[in-house]
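Asks: For reference, the chains in residue letters:
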Amino acid sequence: MKNIQIFILIGLIILAIGGYFVLIKDGSQTLQSSASSDPIVPLTPSPSPTPAVFKFDKSTDLKSELQTVNPKVEDNDFESLNKIISAI
Amino acid sequence: MNLKIYLVGLTILIFLSLTPIIVLARVTPNDIYQQTRADFEANLNKVSDPNQKQQIIQADQDLNQINQTVCQRFDIDIAKMAAILEEEKSRQNITSNVVAFGMGNTPMDSAEYYLNYAQEAVAYQKIQDYTPQIGSGNYKQALTNSMNNLQSSLETVQGKILRAKTEVKKALDYYEK
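If you're matching them up, the sequences are chains A and B in order.
Note that my numbering has the first sequence beginning at 1, numbered continuously upward.
Note that my numbering has the second sequence beginning at 1001, numbered continuously upward.
Looking at chain A on its own, in the form it has when it is part of the complex (with noise of 0.2 angstroms):
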């Protein structure tokens, strides 16, 4: 009987130990991130794009159009953003 109580008490203990680090520890966290509520830099949304619908048929020539296909990350994209670095 003894030995059992023992047992119970010792998983209490680690319960309460458990319970500790996520309700209160990660409770105290949330408190401390929610205090800017209003976000003073919302980032501006982007509105998805309509997606670009291909249509190819027989007569395409379809090296062609691959060739077309060319993924580049041009250098004047970061154009604006450069100056504003430069700037400050």
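Read the hints as simulated data drawn from the structure, not as lab findings.
Mixed in with the good hints there might be a few duds.
Unchecked claim - Heads up, incomplete: computed chain A residues facing chain B, CB under 8 angstroms, no partners named:
#, residue
1, Gly11
2, Ile13
3, Ser80
In this text, all values refer to a predicted model and were calculated from it rather than measured experimentally.
Every residue gets a Cβ at the ideal spot worked out from N, C-alpha and C, and that includes glycine.
Take the given structure of chain A and dock chain B to it, following the hints.
Replies: Only chain B this time, still in chain A's reference frame:
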């Protein structure tokens, strides 16, 4: 004997206690994002020069906008290659739709796999966050780091799309001899 039973019971109890704790305490990517934005705003409030503050805000907006703009261009390339493959499949009467690597062994399977891989890379890139870490006070360096990270990531995705293009070309060369 009783001790063994109690130890087993204790072990089970510890396991049952820790499992929900681990699940509840799990940090999600959204948690990390929210904390990053909260830190950014907190550090932004410490910027005394209003012009500089506005420039940092604009740069932060630009980082996200550049990412989305370039990814949208990549989406067009992916869509075109997907349409090319669809048309080629139609011409060759190919109906299989295997994308898992190793499951198929035709040039079409390989092209579809790498195209799918590139498409997922673009989708993943779109949701990445490049909030500048301005906590150190060196705003120029922080913005430059974010910009370099963004450029590097976009170039990696570009590489994956070019690999897909190579595989699509191989498929076209194979089927349209």
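Asks: Now tell me, hint by hint, if it's right for this structure.
Replies: Each hint, compared with the structure:
The interface hint given for glycine 11(A) holds, since its Cβ lies 5 angstroms from the closest Cβ of chain B, which is under the 8 angstroms cut-off. Contact between isoleucine 13(A) and chain B, as hinted, is not supported at the beta carbon level, the nearest pair being about 10 angstroms apart and thus beyond 8 angstroms. For the restraint placing serine 80(A) at the interface with chain B, the shortest Cβ-Cβ distance is roughly 6 angstroms, inside the 8 angstroms limit, so the hint holds.
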